[in-house]
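Trainee: Each chain, written out:
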Amino acid sequence: MSQKKFKKGITLMVNKSTFLRERLKTMLRIRIFEEKTSLEYPSGYLKCPVHLYIGQEAVAAGICTYLETADYVTTNHRSHGHYIARGGDMLKLAAEMAGMESGCTGGIGGSQHIYAPESGIMGTSAIVGSGISIGTGIGLGIKMKKQNHVSAIFLGDGATEEGYFYESLNFASLKKLPVLYVCENNSLATQSRIESRRASGVDICKIAESLGVQSIRVDGNNVMDVAEAAETIIQKIRNESCPYLIEAVTYRWMGHVSPYEDYGVRYRTQHEIEEWKKKCPIKKLADYMTQSSIISNEEYDFICKLIKDEVDEIFEKIKKVEKSSAKVSAPSTPY
Amino acid sequence: MTREITYSEAILEATTQLMEGHPEVYLIGEGVDDFNGLWGSTKGLYEKFGDQRVLDIPISENALTGIAAGSALVGFRPIFTHQRIDFMLMCMDALFNNIAKWQAMTGYKQNMPFTARGIVGRGWGQSVQHAQSFYPVFAHFPGVKVVAPYSPYEAKGLLTAAVLAEEPVIVIEARSLYSKKGCVPEDFYTLDFGKGEILRDGSDVTIAGLSYILEDLLSASDLLKDKGISAEVINLRSIKPFDMDILIESVSKTGNLVIADITWDCFNLASELSCRVNEQLFTEIKRPPLRLTLPEMYVGASRESEENYYMSAESIAKKIFCWLDQPMQKRQALQ
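Quick note, the sequences are listed as chains S and Z, same order. Quick note on this note's numbering: the first sequence kicks off at 883 and runs consecutively. Quick note on this note's numbering: the second sequence kicks off at 101 and runs consecutively.
The following block holds chain S by itself, in its conformation from the complex (with noise of 0.2 Å):
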């Protein structure tokens, strides 16, 4: 059932150091490369709204970490995380924020609708629930191919409320798919919480459960606890073909489509945000990886500032571009 432990995986065993090290790296990137994105936007040169993933980097990490090049990724508004944990070229993502030819997605797409082959994410749909079909739909290629890849589709809590959630779950289990199931449950849906929309004790991986999806619910700020279920569940998913769901709780710190916090708000408290705040994903790594000796605090520094010369040398290039190179390259209309 949802709540049950795995034993530690191999890889935390055997080569923990390195394994901790390239998840903090992942995080940092995402986190950095966004505070950046936050700090630019009154520039005006990013022209799309940006939905910001800053402190639930732990679910892209800990998810990407076991997934293979070949194995695909569906995203949703909220992307740059899953962009960044599967190795998306950060240059592309920030051009595709201003609207440039060399974005991701051709300019044409903005933060919302980023495409990267390369790295699995075959398009991103903003429209919340559907890329569950989507990527469920990849899962079916898959199995139809008789190839053993995986289809990973990150959703939030908010799409759960979807009938795409109920059809899509259904029929993955129906049919035996390979979908992995990513909920990152951050109670909030824009700016409503999960107490407005659901009834208490609506128990998201019971649902799964009851769809014939197994399902675990996992400390999303806790990137060993989501990378250790990733794991077991993903070697299960390509040995078995069989869907998954997991429950990663987490918690995002800015606004729903906003470069910025937004305290103050009717929604959710000041309060609050400071206690999560307190639960922040990669300093609870950090922390670890300091009291146990695996990273020093001067290395720790020397990473976060490795990352910051390169992501201010990306915004650099992108801001040195004057006028938006934008092209609408659409074929004509078809009269």
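Hints were generated in silico from the structure; no laboratory data involved. Since we're looking at a predicted model, the values are computed, not measured. One should not assume that every hint holds.
Taking lysine-lysine pairs in the DSS-like style, the calculated list, with each CA pair at most 30 Å apart, reads [what the hints assert, rightly or not]:
1) 295(Z) / 280(Z)
2) 209(Z) / 1027(S)
3) 1201(S) / 209(Z)
4) 1165(S) / 1202(S)
5) 1028(S) / 209(Z)
6) 148(Z) / 918(S)
7) 1028(S) / 1057(S)
8) 1199(S) / 209(Z)
9) 143(Z) / 1057(S)
10) 419(Z) / 353(Z)
Residues from chain Z shown here face chain S by an in silico Cβ test under 10 Å; the list is partial [said to hold, decoys possible]:
11) 168
12) 175
13) 207
14) 210
Here a beta-carbon is modelled for each residue, glycine too, at the ideal position from N, C-alpha and C.
Chain Z: place on chain S using the hints.
Mentor: Below, chain Z without anything else, positioned relative to chain S:
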């Protein structure tokens, strides 16, 4: 070799040849594996190709449409069949927030080979929901092609072209045409999108239409002939893209345009094309185009209700005759 087969046999033959020649083509939809095979159009395919390529589905049209689209992203060419087109309204999000926009949302880098077959149920006692043909809803969206085959020859050629296209195509089939026979080549062939066809040459009036209404138009043109009026009958065939050239050429010759439609009065192909012909031939046409459409109401189940609601060859001929009888002056171009 060409021989006479029915409309439904032509659809079956197209599907069979596609599935034999293209392993990536598969059939999906409610009841596609039925013993009576959607009035013969999928008959025997389950026995021939098995449940991996002829997929019956849960009653979840929207998610399954998204799932079929997901499979298209990894190389498949689904044919999604709706035995009643009415259920396509259940799929509007998957079809038009996603499938129609997928190419745009990926910077026009990702193809979306997706075919939907929707069968218009107009016939005996189908009543309010099951007799409708709301194709304009589909044709409104950029990124989707919509065709409406009239003859068995078109049914085969257009379905084949649809499935081999790299973008989504919706095929509007008419249940009332399923048993009609026509000459169809045995060989594999495709028909071009955006091309209409002159069914009968004439010099006094151009009468254009699509799908099942063409039978009535041909009969009406016989009645008009008895009154000394020579009508040119055009099968529009392709709703989007539509064939302006064939209309312009014909109306330039006849000076009169009638467009008969299979749906309600507002926002349909008859309105769209009469507007466009008016724009292009403003000073050449002898009178404003005549649109023959269904009333802005729903048909009832009784025979009387159907007789009052639908046009007949006689009522069409009478309307056209009266319309042509009114003297009109050519309009003058603005100075």
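Trainee: A separate judgement is required for each hint: does it hold in the structure or not?
Mentor: Evaluated hints:
{"no.": "1", "hint": "295(Z) / 280(Z)", "in the structure": "22 Å, holds"}
{"no.": "2", "hint": "209(Z) / 1027(S)", "in the structure": "23 Å, holds"}
{"no.": "3", "hint": "1201(S) / 209(Z)", "in the structure": "25 Å, holds"}
{"no.": "4", "hint": "1165(S) / 1202(S)", "in the structure": "33 Å, violated"}
{"no.": "5", "hint": "1028(S) / 209(Z)", "in the structure": "26 Å, holds"}
{"no.": "6", "hint": "148(Z) / 918(S)", "in the structure": "58 Å, violated"}
{"no.": "7", "hint": "1028(S) / 1057(S)", "in the structure": "13 Å, holds"}
{"no.": "8", "hint": "1199(S) / 209(Z)", "in the structure": "24 Å, holds"}
{"no.": "9", "hint": "143(Z) / 1057(S)", "in the structure": "23 Å, holds"}
{"no.": "10", "hint": "419(Z) / 353(Z)", "in the structure": "21 Å, holds"}
{"no.": "11", "hint": "168", "in the structure": "6 Å, holds"}
{"no.": "12", "hint": "175", "in the structure": "7 Å, holds"}
{"no.": "13", "hint": "207", "in the structure": "3 Å, holds"}
{"no.": "14", "hint": "210", "in the structure": "5 Å, holds"}
Violated hints, listed in ascending order, are 4 and 6; each of the other numbered hints is respected by the structure.
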